[in-house]
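Sequences listed follow chains A and B, in order.
The opening position of the first sequence corresponds to residue 1 in this note's numbering, with each subsequent residue numbered one higher.
The opening position of the second sequence corresponds to residue 1 in this note's numbering, with each subsequent residue numbered one higher.
Everything labelled a hint here was simulated from the structure, so no lab data went into it.
Keep in mind it's a predicted model, so treat the numbers as computed, not measured.
There's no promise every hint is true.
[Unchecked claim] In silico DSS-like links for lysine-lysine, alpha-carbon gap of 25 Å or less:
| id | chain 1 | residue 1 | chain 2 | residue 2 |
| --- | --- | --- | --- | --- |
| 1 | B | K211 | A | K67 |
| 2 | B | K211 | B | K142 |
| 3 | B | K213 | A | K24 |
| 4 | A | K67 | B | K142 |
[What the hints assert, rightly or not] Covered by chain B, per the in silico footprint, the following chain A stretches (three or more residues, Cβ under 8 Å):
| id | stretch |
| --- | --- |
| 5 | 3-15 |
| 6 | 21-29 |
| 7 | 38-44 |
[Unchecked claim] Restraint ranges, calculated between C-beta atoms of paired labels, are given here:
| id | chain 1 | residue 1 | chain 2 | residue 2 | range |
| --- | --- | --- | --- | --- | --- |
| 8 | B | D62 | A | H22 | 30 to 40 Å |
| 9 | A | F66 | B | G39 | 48 to 58 Å |
| 10 | B | V264 | A | T49 | 54 to 64 Å |
| 11 | B | P237 | A | G36 | 21 to 31 Å |
| 12 | B | G12 | A | F66 | 52 to 62 Å |
| 13 | A | G36 | B | E6 | 18 to 28 Å |
| 14 | A | V34 | B | K263 | 50 to 60 Å |
| 15 | B | D36 | A | D7 | 47 to 57 Å |
| 16 | A | R3 | B | A272 | 39 to 49 Å |
| 17 | A | R3 | B | H139 | 45 to 55 Å |
| 18 | A | H22 | B | G130 | 30 to 40 Å |
| 19 | A | T49 | B | P228 | 19 to 29 Å |
The beta-carbon is built from N, C-alpha and C at its ideal position, and this holds for glycine as well.
Spelled out from the first residue to the last, the chains are:
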Amino acid sequence: MGRIEIDETRCKGCGLCTTACHLKLISLTREINVLGFTPAVTTNRERCTGCALCAQLCPDLAITVFKDK
Amino acid sequence: MAFDYEKYIRPGKLPHIWCPGCGHGIVMKGMIRAMDTLGLEKNNTAIVSGIGCASRLPGYIDCCTLHTAHGRAAAFATGVKLAKPEMTVILVGGDGDGTAIGGNHFIHACRRNIDMTYIIMNNYIYGMTGGQFSPTTPHMHKASTTPYGNPDPSFDIAKLAIGAGATFVARGTAFHANQIDKLIVEAIQHKGFSVVEILDDCPTTYGRRNKFKSVIEMMNRLKEVAVPVKAAEKMTPEQLAGKVLTGILYKEDKPEYCSEYQKVIERAGGAAR
Ligand SMILES: Cc1ncc(C[n+]2csc(CCOP(=O)(O)OP(=O)(O)O)c2C)c(N)n1
Ligand code: SF4
Ligand code: SF4
Ligand code: SF4
Ligand SMILES: [Mg+2]
Numbered sequence: 001m002g003r004i005e006i007d008e009t010r011c012k013g014c015g016l017c018t019t020a021c022h023l024k025l026i027s028l029t030r031e032i033n034v035l036g037f038t039p040a041v042t043t044n045r046e047r048c049t050g051c052a053l054c055a056q057l058c059p060d061l062a063i064t065v066f067k068d069k
Numbered sequence: 001m002a003f004d005y006e007k008y009i010r011p012g013k014l015p016h017i018w019c020p021g022c023g024h025g026i027v028m029k030g031m032i033r034a035m036d037t038l039g040l041e042k043n044n045t046a047i048v049s050g051i052g053c054a055s056r057l058p059g060y061i062d063c064c065t066l067h068t069a070h071g072r073a074a075a076f077a078t079g080v081k082l083a084k085p086e087m088t089v090i091l092v093g094g095d096g097d098g099t100a101i102g103g104n105h106f107i108h109a110c111r112r113n114i115d116m117t118y119i120i121m122n123n124y125i126y127g128m129t130g131g132q133f134s135p136t137t138p139h140m141h142k143a144s145t146t147p148y149g150n151p152d153p154s155f156d157i158a159k160l161a162i163g164a165g166a167t168f169v170a171r172g173t174a175f176h177a178n179q180i181d182k183l184i185v186e187a188i189q190h191k192g193f194s195v196v197e198i199l200d201d202c203p204t205t206y207g208r209r210n211k212f213k214s215v216i217e218m219m220n221r222l223k224e225v226a227v228p229v230k231a232a233e234k235m236t237p238e239q240l241a242g243k244v245l246t247g248i249l250y251k252e253d254k255p256e257y258c259s260e261y262q263k264v265i266e267r268a269g270g271a272a273r
């Protein structure tokens, strides 16, 4: 099992993580962040496997993955 | 916790300047992972760039960095490497910087086979200055300076590098993010001039003019066109039409420039290293 944290202050809302996650656990919000973009958020967090595909593709180093043993 | 990029990022430098979805950030992360895999020491690693969005990369990295003149990364880097051959020297830049204004420096660094690694982020356009066509803009694609389509044929950077004498040439894409660090690790380990071309995306100045609805579409395009060299061996020319080979495309052992230069120093009566 895993967990991700999205740094909202770095996210530019490009959406790449939303397609990278094969479980579709990430979506973009409609709120505007400090950079003026609509940042990504996780849904159904308990299903996250910690595979890190989302973080691998994030150009803005906004996603940190934690993997529980 | 998974990989920690922050230890190689200069404090307070993020968020970076790149647009939403620009692949340059993905390439930078791949380069950082490669540096970590090889355990490169910050004081013994130089990252050198020219000018362009791609060339902004060294500013974010906590090691020895040089942000030089447009197209001149290879010239400055050659100076660093000759003065300090023990240093790991990495060049980074874009297609415009490396194959247009810097094309000459690029081919001669290849020809000399000097032990450095050149990561070239090919987004097919001059991103920074508003999307003028570059030597890699595909035939009949649109740029701000070719609004009706680009009549020029484009350079194949990898072939150009091989033809000019580079002894390690690889290609990856921003979409295949987990392959980027592996290619860069091999490139740095190779003794000689190594070129790693990463097919990249510029949604802002190239994507929107060429009917890509989103950065996701641009990434899907990279996913579709890329064929690993191994897989290509089993494919027919018809199946390979319009595809681009990825992976290690060329590798050869040849005399390296710093070593050859040292021989000249010693012949002229200079000190041995
Ligand atoms: C001598 C000189 N000529 C022109 C320019 C303007 N200029 C700045 S960046 C650039 C093109 C960069 O394109 P590329 O290397 O592909 O990088 P990208 O922005 O696409 O990442 C140009 C022409 C300059 N800065 N200096
Ligand atoms: S770590 Fe994997 S499963 Fe979890 S959100 Fe990211 S892509 Fe989805
Ligand atoms: S990939 Fe990164 S910057 Fe893009 S939406 Fe996801 S978290 Fe934000
Ligand atoms: S203009 Fe293009 S190359 Fe430059 S940061 Fe934006 S997307 Fe990237
Ligand atoms: Mg470019």
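The hints, checked one at a time:
Between K211 (chain B) and K67 (chain A) the alpha-carbon distance is near 39 Å, which puts this suggested pair outside the 25 Å criterion. Proposed proximity of K211 (chain B) and K142 (chain B) is supported: the alpha carbons are some 10 Å apart, at most 25 Å. For the hint pairing K213 (chain B) with K24 (chain A), the CA-to-CA distance comes to about 20 Å; that is within 25 Å, so the pair holds. Taken as a hint, the K67 (chain A) and K142 (chain B) pair is broken in the structure, with Cα atoms around 44 Å apart against an allowance of 25 Å.
For a cut-off of 8 Å, the count of residues in the stretch 3-15 of chain A with a CB near a CB of chain B stands at 6, and the three-residue condition holds. Under the rule that three or more residues need a Cβ within less than 8 Å of chain B, the assignment of the stretch 21-29 of chain A is violated, with 0 such residues. Coverage of the stretch 38-44 of chain A by chain B is violated in this model, with 0 residues showing a Cβ closer than 8 Å to a Cβ of that chain against a need of three. The supplied range of 30 to 40 Å is met by D62 (chain B) and H22 (chain A), whose beta-carbon atoms lie about 33 Å from each other.
The supplied range of 48 to 58 Å is broken by F66 (chain A) and G39 (chain B), whose beta-carbon atoms lie about 24 Å from each other. For V264 (chain B) and T49 (chain A), the Cβ-Cβ distance of about 57 Å falls inside the hinted range of 54 to 64 Å, so the restraint holds. Range check, P237 (chain B) to G36 (chain A): about 48 Å between beta-carbon atoms, so the 21 to 31 Å window is missed. As the Cβ distance of G12 (chain B) to F66 (chain A) is approximately 24 Å, the hint placing it in 52 to 62 Å is violated.
Against the hinted window of 18 to 28 Å, the Cβ-Cβ separation of G36 (chain A) and E6 (chain B) comes to about 24 Å, which satisfies the hint. At about 57 Å, the beta-carbon gap between V34 (chain A) and K263 (chain B) stays in the expected band of 50 to 60 Å. Taking 47 to 57 Å as the suggested C-beta distance range, the pair D36 (chain B) and D7 (chain A) does not conform, at roughly 20 Å. Between R3 (chain A) and A272 (chain B) the beta carbons are some 56 Å apart, a value that contradicts the proposed interval 39 to 49 Å.
At roughly 47 Å, the beta-carbon separation of R3 (chain A) and H139 (chain B) lies within the given 45 to 55 Å, and the hint holds. For H22 (chain A) and G130 (chain B), the Cβ-Cβ distance of about 36 Å falls inside the hinted range of 30 to 40 Å, so the restraint holds. Between T49 (chain A) and P228 (chain B) the Cβ separation comes to about 25 Å, which falls inside the hinted range of 19 to 29 Å.
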